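Residue numbers (the numbering used here), protein chains in the order written: chain F, 25 to 289; chain Y, 98 to 333.
Treat each hint with caution, since some may be false.
Claimed, not checked - Just so you have them, the derived chain F footprint on chain Y, three or more residues with Cβ under 8 Å:
1. 131 to 138
2. 258 to 265
3. 270 to 283
4. 289 to 301
5. 306 to 317
By construction, these hints were calculated from the structure, which means they are not laboratory data. Bear in mind that the values here come from a model prediction, so they are computed numbers and not experimental data. Ideal Cβ placement from N, Cα and C applies to all residues, glycine included.
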Amino acid sequence: MSTRALRTAASGLYAQQLNVEVISNNIANVNTTGFKKNKAEFQDLMYQEVQVNPTQASDAYAAATPSAKIQVGNGVQSSSTQKIFKQGDIVATNNQMDIAIQGDGLFQVRKSDGTIVYTRDGSFKINSEGKMVTSGGYLLDPEITLPNNVQSISISRDGSVDVLENDGRTSTLGTVELAKFMNPSGLLALGNNLYGETASSGAPMLGTAGSKGFGEINQGFLESSNVDIVEEMVAMITAQRAYEINSKTVKTVEDMMTMANNLKT
Amino acid sequence: MVNGIYNVARSLNSKIKSIDVIANNLANINSTGFKKQIPFQEYLNQKDEIEVRQSADHGQGEVILSANPLDMAISGDGYFLVKGESGTELTRNGKFHVSEEGFLVTNTGKKVLGRNGEINFGTFIDADNPTITIAKNGEIKIGEADVDALAIVKIENVQAAVRTSDSNFAVADDNYSYASPENFEIQQGYLEESNVNPILEMETMIQTNKDYESAYKMMRYLDQAMDKSNQIGKVY
Numbered sequence: 025m026s027t028r029a030l031r032t033a034a035s036g037l038y039a040q041q042l043n044v045e046v047i048s049n050n051i052a053n054v055n056t057t058g059f060k061k062n063k064a065e066f067q068d069l070m071y072q073e074v075q076v077n078p079t080q081a082s083d084a085y086a087a088a089t090p091s092a093k094i095q096v097g098n099g100v101q102s103s104s105t106q107k108i109f110k111q112g113d114i115v116a117t118n119n120q121m122d123i124a125i126q127g128d129g130l131f132q133v134r135k136s137d138g139t140i141v142y143t144r145d146g147s148f149k150i151n152s153e154g155k156m157v158t159s160g161g162y163l164l165d166p167e168i169t170l171p172n173n174v175q176s177i178s179i180s181r182d183g184s185v186d187v188l189e190n191d192g193r194t195s196t197l198g199t200v201e202l203a204k205f206m207n208p209s210g211l212l213a214l215g216n217n218l219y220g221e222t223a224s225s226g227a228p229m230l231g232t233a234g235s236k237g238f239g240e241i242n243q244g245f246l247e248s249s250n251v252d253i254v255e256e257m258v259a260m261i262t263a264q265r266a267y268e269i270n271s272k273t274v275k276t277v278e279d280m281m282t283m284a285n286n287l288k289t
Numbered sequence: 098m099v100n101g102i103y104n105v106a107r108s109l110n111s112k113i114k115s116i117d118v119i120a121n122n123l124a125n126i127n128s129t130g131f132k133k134q135i136p137f138q139e140y141l142n143q144k145d146e147i148e149v150r151q152s153a154d155h156g157q158g159e160v161i162l163s164a165n166p167l168d169m170a171i172s173g174d175g176y177f178l179v180k181g182e183s184g185t186e187l188t189r190n191g192k193f194h195v196s197e198e199g200f201l202v203t204n205t206g207k208k209v210l211g212r213n214g215e216i217n218f219g220t221f222i223d224a225d226n227p228t229i230t231i232a233k234n235g236e237i238k239i240g241e242a243d244v245d246a247l248a249i250v251k252i253e254n255v256q257a258a259v260r261t262s263d264s265n266f267a268v269a270d271d272n273y274s275y276a277s278p279e280n281f282e283i284q285q286g287y288l289e290e291s292n293v294n295p296i297l298e299m300e301t302m303i304q305t306n307k308d309y310e311s312a313y314k315m316m317r318y319l320d321q322a323m324d325k326s327n328q329i330g331k332v333y
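Chain F with its partners taken away, still in its complex shape (with noise of 0.2 Å):
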């Protein structure tokens, strides 16, 4: 007897648990701040041909006419997880290094092996030379470097980082660049907060914020996880329903076969 349905079956349950991880990963994650939500796309295997019996033991017709076979596929497979890159919400912390980008654009960071990587992450703290980074510790590119003597920064919707120093001078210090992707989804998740860019999320394009389809920069708010917690629920409902299904085509082929071992009293 053919086990085809049974390993169909068994596919269909390894997809359904893929989700199940990665919608666990998705609330997990529901306080990470400027985290994007993921989601597993899953699509069939290959298709078989295969034979229908003839109508009677002699008879040939049925081998010799193409129209009496039948196609039957083999099961599903996951293609891709893909980030999605929906807002999330603004919240205010009233931090000044605070910034979150309301809108497209990522924040550019320089690892310390000099790669350029992108995150929404905008909790940007100052390191021990003066210049900005982020959480993680890497630098904010292009780099700004404060002086020493600050009392406040402010950074206007635009980007522009001006200061004001100890003395009441003021002065601009450089602008946050953001930086934009034509396919956002295609982006390779990094972990931390960062995303590298791939060839299917295509070369990055600068601009200036709040231009040319950019968001716009707020001071003292951060973007949070734009995990909706009642989707994920919704998600995590119908994942497991569609695990149970997969594991019923199981029990029934099951019957089926233990049948077919009963034929012969």
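Using the hints provided, position chain Y relative to the given structure of chain F.
The following block gives chain Y in isolation, referenced to the frame of chain F:
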């Protein structure tokens, strides 16, 4: 009587193939753009011969928001045209991205075709206005520049469309034609879910299982009957 046993065996065998099809539908309950397969049927044609027919349910799946500019769903009739390894393929899976060379490709890297052939974004990418808009009728724009229009086609003879993986159908070049724009709408930022209905599949599965059981019982009765006939005339 021996004939009867062959008929029953045939029924047992075909029910297993039906279960294979149902199992595949249920496994693909979350596959983007999947169209459910209907277990095959046999029928008598005009020449009184038995023919086998297998069909797909090309009905609309649920359209859900994905918030990605290169995700597209077709609501209404029609298929996206893509260039497969061995010919033209059609799909309802609108999960596209841009390849390294700038082509609009499917999830598995097959090129999506427009009215003017392959769609290449390379020369149109405008750093000043990189927004991609896809109109309801399939016209693609980057910023203000017209790129191409998606080729949305309909299948002429649905029976001749062969399934390949990735929710695609392979078709011969003379088996499709452009769909008229009033019959479909492209929805940018949405994806079409699988059109498998779990209740209907469960119903078919239960029915197939019970049919299998009936055939199984029938075979046991036939076996018992043959056993009895073998005892006729036996000398005790």
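- [ ] With a C-beta cutoff of 8 Å, work out whether three or more residues of the stretch 131 to 138 of chain Y approach chain F closely enough for the coverage to hold.
- [x] holds (count 3)
Task: Whether chain F covers the stretch 306 to 317 of chain Y (at least 3 residues having a Cβ closer than 8 Å to its Cβ atoms) - done: holds (count 6)
Open item on the list: Just to make sure I understand the rule, a stretch counts as covered if three or more of its residues have a C-beta closer than 8 Å to a C-beta of the chain. Does the stretch 289 to 301 of chain Y meet that for chain F?
Closed with: holds (count 3)
TODO: Check, residue by residue, whether the stretch 258 to 265 of chain Y contains three or more positions whose beta-carbon lies closer than 8 Å to a beta-carbon of chain F, and give the verdict.
DONE: holds (count 6)
Task: Verdict on chain F covering the stretch 270 to 283 of chain Y, criterion of 3 CB contacts below 8 Å - done: violated (count 0)
This entry does not satisfy hint 3, going by the numbered hints stated previously; all others are met.
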